[in-house]
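Based on the sequences and whatever the hints tell you, model everything.
Sequence order for the protein chains is L and A.
Under my numbering, the first sequence has 447 at position 167, and the numbering climbs by one with no breaks.
Under my numbering, the second sequence has 228 at position 159, and the numbering climbs by one with no breaks.
I should point out that these hints are in silico values taken from the structure, not numbers from a laboratory.
Pairs of lysine to aspartate or glutamate residues, derived as EDC-like cross-links and limited to a Cα-Cα distance of at most 16 Å, are as follows:
1. A:Lys218 - L:Glu442
2. L:Lys517 - L:Asp458
3. L:Lys570 - L:Asp586
4. L:Lys525 - L:Glu665
5. L:Lys384 - L:Asp458
6. A:Lys410 - A:Glu180
7. L:Lys463 - L:Glu513
8. L:Lys453 - L:Glu421
9. L:Lys570 - L:Asp545
10. L:Lys528 - L:Asp435
11. A:Lys410 - A:Asp245
12. L:Lys490 - L:Asp545
13. L:Lys525 - L:Glu500
14. L:Lys490 - A:Asp276
15. L:Lys490 - A:Glu274
16. L:Lys651 - A:Asp276
17. L:Lys651 - L:Glu574
18. A:Lys367 - L:Glu475
19. A:Lys218 - L:Asp440
20. L:Lys688 - L:Glu605
21. A:Lys218 - L:Asp306
22. L:Lys453 - L:Glu515
23. A:Lys367 - L:Glu442
24. L:Lys457 - L:Glu515
Here are the simulated distance ranges between beta carbons:
25. L:Arg439 - A:Asp441: 19 to 25 Å
26. L:Asp306 - A:Asp431: 20 to 26 Å
27. A:Asp441 - L:Glu396: 30 to 36 Å
28. L:Leu285 - A:Ala434: 45 to 51 Å
29. A:Val259 - L:Lys463: 42 to 48 Å
30. L:Trp664 - A:Val164: 44 to 50 Å
31. A:Asp431 - L:Glu637: 48 to 54 Å
32. A:Asp441 - L:Gly674: 48 to 54 Å
33. L:Leu479 - A:Ala434: 37 to 43 Å
34. A:Ala229 - L:Glu325: 43 to 49 Å
Beta carbons: idealized from backbone N, C-alpha and C, even for Gly.
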Amino acid sequence: MGNTLRKAISIFMAAALMMCVTGCWDRVEINNRYFVLAIAIDKFEYSDIQQQREEQEEPNGQQQEQDGVQDPLDSPRNRMVVSVVFPNVGLLKSEGAIVSEEMKFPLSTVGPNVFEAMRQLNTRVNGNMFFGHVKAVLLGEGLLSDKKLFMEVLDELERDHEIGRNIDLLVVKGKAKDALFIKPLVEPIVGTYLEQIFLQRRTGRFHGRKLGEIIVSIHETGGGLVPRLTVGENEFKVAGSCVIKDHKQRGWLGELETRAAQWIDNMAGEGVVSVDMQGVSVPFELTGLKRNMEVTRDEGGNIYLDISLAAEGDIAGYIFQMNREVMDEKFISEAEGAVSREMAAQCLGVMDKLQNEFGVDIWGIGNHIRKYYPEIWKDVKDNWEQVFPELRVGISVNVNVRRIGIIK
Amino acid sequence: MDRQGRAKPGKSRPDVRKPPAAGGIVRTKPDSEREDWAMTGDRDKITSNQLMAIMISLLIGIGILSLPRTVTEEAGPDGWLLVLAGGIIVIIISVIISKLGIMFSGQTVVEYSKAVVTKPLGILFSLGLFVYFVFFTAFEARVFSEITKQFLLDRTPTEAIVVTILISSTYLVRQDLATIGRMGEMLVPVFIIIPFLFLIPAIPEMDLTNLLPFMGTSPVRLLAGMGTIVTSYLGFETLLLFQPLMSRPQDAGKAMAVAMTAVMLVYILMVIATVSIFGVFEVQRLIWPTFSVFRAIKIPGAFMENVHGVIMAIWVVTVYMTLSIFFFAGVTTMGRLLALKEHSFMVLPLAFIIYFLAMMPDNIAVLYEYLDMFSIYLGVPFGFVLPLVIYITARVRGMGKERGKKDGKHPKKSN
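So this is what it looks like as structure tokens:
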């Protein structure tokens, strides 16, 4: 009898074991997973929809007037347009399999916040969207002008555990959705395309900060720079930057201004500065740049900021057989002088713009003072925003030409 | 299957396998002292290397995830100084505890506390210690499940995660400390070396100026902040129970000092890495900055994009070890208190209690609130204050000395 009981118990135990080996609840097969590579977020504006409809419907002449009936799109729930794009992974391995020939699948929806909009997209896709490989997030210009929406989006991007911190965040002039849905010439997938643009970095004409760094900057100072993306027919370019002040868009910096801003930030060591020498435009290619910042205070309480840049690089061109030789110490020191004046002028220009026009400390100069001059910081930390435009800034640039190419 | 049964083959072993057994021990010891280990032949005893491994894997657990945040909240860029100060205090206290263990050789705190602070108080202390270990195990399990759910298994119910880790740890807890020690010896190198290897690609992104200004926080504020690092260092007090399980208890102090230094260095490096990558303000916003650091890392060559998966896997193992050792400590305390020969039958019922304790907090905010309360009201007394009280009382009453001498000679006599 004891034997049967033991048997019963062991059978029961074996059966109970089956409950433990049901497998992973969170398993998603890799072919059911869509790797979203880029997200675009825009502010929803009902007027755009109306305009679109008018454009589409007028030629057909069958405009449906629906006065008095509220369009379901025009509801306060609709606050953002969220678009994603994921590549057709099926194409990579398709041999005999039935796959769509599209290179990528763009999708777009409206919703009250990013997260719900993403979940809504799941009703239209047969797989599981995975955001762990997102390369770039594009924000529409309109979204950045709306302080509340912009901060909501930033919080959601940071809070989500799938989206990494080392992705690119860009501001699109116009609608972000348009930038996402075009087919770029070289590489059809927008996300990786942007990532590669950021990786090569040979111009310094855009601000190379990643999402994580932009978030830190906005969190610490309420301001910062976000790289700008301009959309063309079937290409786009990343150049210039958007100035964030007080948690929203305040203005734009041009390409050269962005580069000068990065010199002050000790970030861009590459790029070409062209200077005029006796009517000839001489390109000077920067190969290295070091910045030093010193802060002093006089008895009157004026704070002086001395920025010194040490640049080195090559002269990449002059004029064929008509003037002097480049390989001449005098010529080189003249060129060095010209380049340093040009760089200093550009730096002073952008400094002036940010101090007086925008009044936003995008470089974290306040942080620099907090770290190295705690006794000055104690006095200015409460009204740093007023102090920053009053800083007396001096910029000195020391240029060294190292190489001149392969002819004299 | 009981202990005596196992000890017999153990005793016969030295005759047969003496050369390999002797070769396995640290070679710096003179031969005469090495004999102890071989002669007692106890596979239940742990070496001092194993004690180090146990302590390192015990201390590194859930605390390290939020440590950079909590210290930065208290001390800004000087957070790592807090960690350093805490580490030094912990080293001192663990050396004192090891002295207690030598004074009352062969006894755990459960026995000698009765002698030192009278029997009722001693029993009360041991009961408290038991409750403390059980609660700690429950917190480990819950924080573990919250993090796993957040990062890895978002559809698996919390309950299932807690049950899984508890059941798998009961398997280890039913063994003896030597088994845990051997496991620790294998795992500790893995979970110390690999995370730091992954931090190397992040070095260009580290901005060490984020740690400036140095010593900008007032010393008073630093002292006040000491409470926040308690959670990360708790666990060393298990030496109160584990020392008599060592083959050479007199080495415990040295081993503890090494282990605590290692833990302290890991913590300091982690705090410096997170603060230098995120800056003082951002660190304070991240619930688990230590994970977020690995989210921010991109390995060049892009073979692996999300490093944090590997880190999660390693961290799961460290939590498993932490949880099992605390669980084991709880079971041992109860077993010693009831003077039981075999304690493994208590493990499963206790796992049930731990499960219900773990499921008590409603959400993660409440969980961390409870954890803070726990470290202050249970952690500080049982980790820092009471062992000191027992030590001072024993000293004042002049106890343990003659006993210590007797017991100290004991192993040599048996030679």
